[in-house]
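Residue 0 is where the sequence shown starts when you use numbering that gives the first Met the number 0, and the numbers rise one by one after that.
Just so you know, the hints here were simulated from the structure itself, not pulled from any lab data.
Predicted model, so just to flag it, every value in this text is computed and none were measured.
Be aware that one or more of the hints could be misleading.
Stated by the list, open to error - Here are the simulated DSSO-like pairs of lysine-lysine, each with C-alpha atoms no more than 27 Å apart in a straight line:
(1) Lys99 / Lys53
(2) Lys173 / Lys209
(3) Lys53 / Lys106
(4) Lys106 / Lys47
(5) Lys172 / Lys185
(6) Lys173 / Lys235
Unchecked claim - Restraint-style ranges between C-beta atoms, simulated for each label pair:
(7) Asp169 / Val224: 51 to 57 Å
(8) Tyr110 / Glu188: 29 to 35 Å
(9) Leu239 / Lys96: 49 to 55 Å
(10) Asp200 / Glu158: 49 to 55 Å
(11) Ser57 / Arg78: 18 to 24 Å
Think of the CB as a built atom: it goes at the ideal place given N, C-alpha and C, for glycine as much as any other residue.
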Amino acid sequence: MVSESHATCDLPLLEKVRVVGRHCLRGEMPHVLLAIDTMLDDFSAGKKAHEVYKCTGSLRLMQYVAAREPFEEMDPFYRRSQFNRTMEIAAAAGDLKAVKWLVESYKPQQYLTKTVAAAAANGHLHLLQWLFENHYEIGYWGCTEMCGALLNNHSEVVEWLRQHATPHKDSLKKVMEAAAAAGNVKVVEWLFNECHASAEDALWSAQTNKQWQTAKWILENCGIVGPWIDWDLPAKHGALSFLQYLRSRSIGGPGFYTTDTSTDVLQ
Numbered sequence: 000m001v002s003e004s005h006a007t008c009d010l011p012l013l014e015k016v017r018v019v020g021r022h023c024l025r026g027e028m029p030h031v032l033l034a035i036d037t038m039l040d041d042f043s044a045g046k047k048a049h050e051v052y053k054c055t056g057s058l059r060l061m062q063y064v065a066a067r068e069p070f071e072e073m074d075p076f077y078r079r080s081q082f083n084r085t086m087e088i089a090a091a092a093g094d095l096k097a098v099k100w101l102v103e104s105y106k107p108q109q110y111l112t113k114t115v116a117a118a119a120a121n122g123h124l125h126l127l128q129w130l131f132e133n134h135y136e137i138g139y140w141g142c143t144e145m146c147g148a149l150l151n152n153h154s155e156v157v158e159w160l161r162q163h164a165t166p167h168k169d170s171l172k173k174v175m176e177a178a179a180a181a182g183n184v185k186v187v188e189w190l191f192n193e194c195h196a197s198a199e200d201a202l203w204s205a206q207t208n209k210q211w212q213t214a215k216w217i218l219e220n221c222g223i224v225g226p227w228i229d230w231d232l233p234a235k236h237g238a239l240s241f242l243q244y245l246r247s248r249s250i251g252g253p254g255f256y257t258t259d260t261s262t263d264v265l266q
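Starting from the given sequences, assemble the full structure and let the hints guide the process.
Right under this line is the structure:
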């Protein structure tokens, strides 16, 4: 167990070492405590802070290992990479306490490359709100963070991102594809009408993910000229109503393998 208190030493110590310090030593003897701690530490050698946190989810253990890393001596690119990786792990776990400690301890001056996306993909709205309110300037907002929330069906996060982090123009394609893949017609409609996202790729994404109602909505509302439809896909998955809809609207037609594919499904 690692102690959070540094009463007699600048570095965090194992709890059993602090007990020794309180009951067996007279006065403050940090050099002795550190020597005992080093002798009893059988888990941190060769470990990186982010590795320890990933394996244990323990902020206290991460603090223990981080305090012993020559952080300032590290290559700056490696240091930034390690910090971003640790932030990503903490955000994915929804560990706001760890995220706060990391930001306050290392005071990043550059973007947190994956933190926002990791929090969104795992549905941690409380963490997104804290980052947005306290460290907006170092987060990647309006990129593709909504994709993970859509694909993992975190509707509350999706709605919050719609209100606070509208996707930038160069991210619209991926977000639109994710919305179609998730069958989220509401977001597809919003992206198309309010953000002017293209619907062609979304149509293909809906088909390949068997979101036939979404594909139908796109065909009816997005004005795609000459939409490309692969009849083999709905035939393969037994989507008869979608095939009937396509035929009633004279959209595309059966391909060479469509009949064989549908026969295999029936058998």
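Evaluate the given range 49 to 55 Å for the C-beta pair formed by Asp200 and Glu158.
-> violated, 23 Å
Starting from the range 29 to 35 Å, see whether the pair Tyr110 and Glu188 falls in it by beta-carbon distance.
-> At roughly 31 Å between Cβ atoms, Glu188 and Tyr110 fall inside 29 to 35 Å, so the hint holds.
Are Lys173 and Lys235 close enough, with their CA atoms no more than 27 Å apart?
-> holds, 26 Å
Are the Cα positions of Lys172 and Lys185 separated by 27 Å at most?
-> Holds, at roughly 16 Å.
Would you check the hint for Lys173 and Lys209, treating anything up to 27 Å between C-alpha atoms as holding?
-> OK: Lys173 and Lys209 at ~18 Å, within 27 Å.
Given hint Lys106 paired with Lys53 - CA-CA distance at most 27 Å = holds, 21 Å
Take the C-alpha atoms of Lys99 and Lys53, compute the straight-line distance between them, and say whether it is at most 27 Å.
-> Roughly 17 Å between the alpha carbons, so the hint for Lys99 and Lys53 holds.
Is the hinted range of 51 to 57 Å satisfied by the C-beta distance from Asp169 to Val224?
-> With a Cβ separation near 24 Å, Asp169 and Val224 fall outside 51 to 57 Å, so the hint is violated.
Are the Cα positions of Lys106 and Lys47 separated by 27 Å at most?
-> Satisfied, since the Cα-Cα distance of roughly 19 Å is no more than 27 Å.
18 to 24 Å as the expected CB spacing between Arg78 and Ser57, which holds or is violated | holds, 22 Å
Is it true that the C-beta distance of Leu239 to Lys96 lies inside 49 to 55 Å, as the hint says?
-> holds, 52 Å
Hints 7 and 10, counting from the list given before, are not met by this structure.
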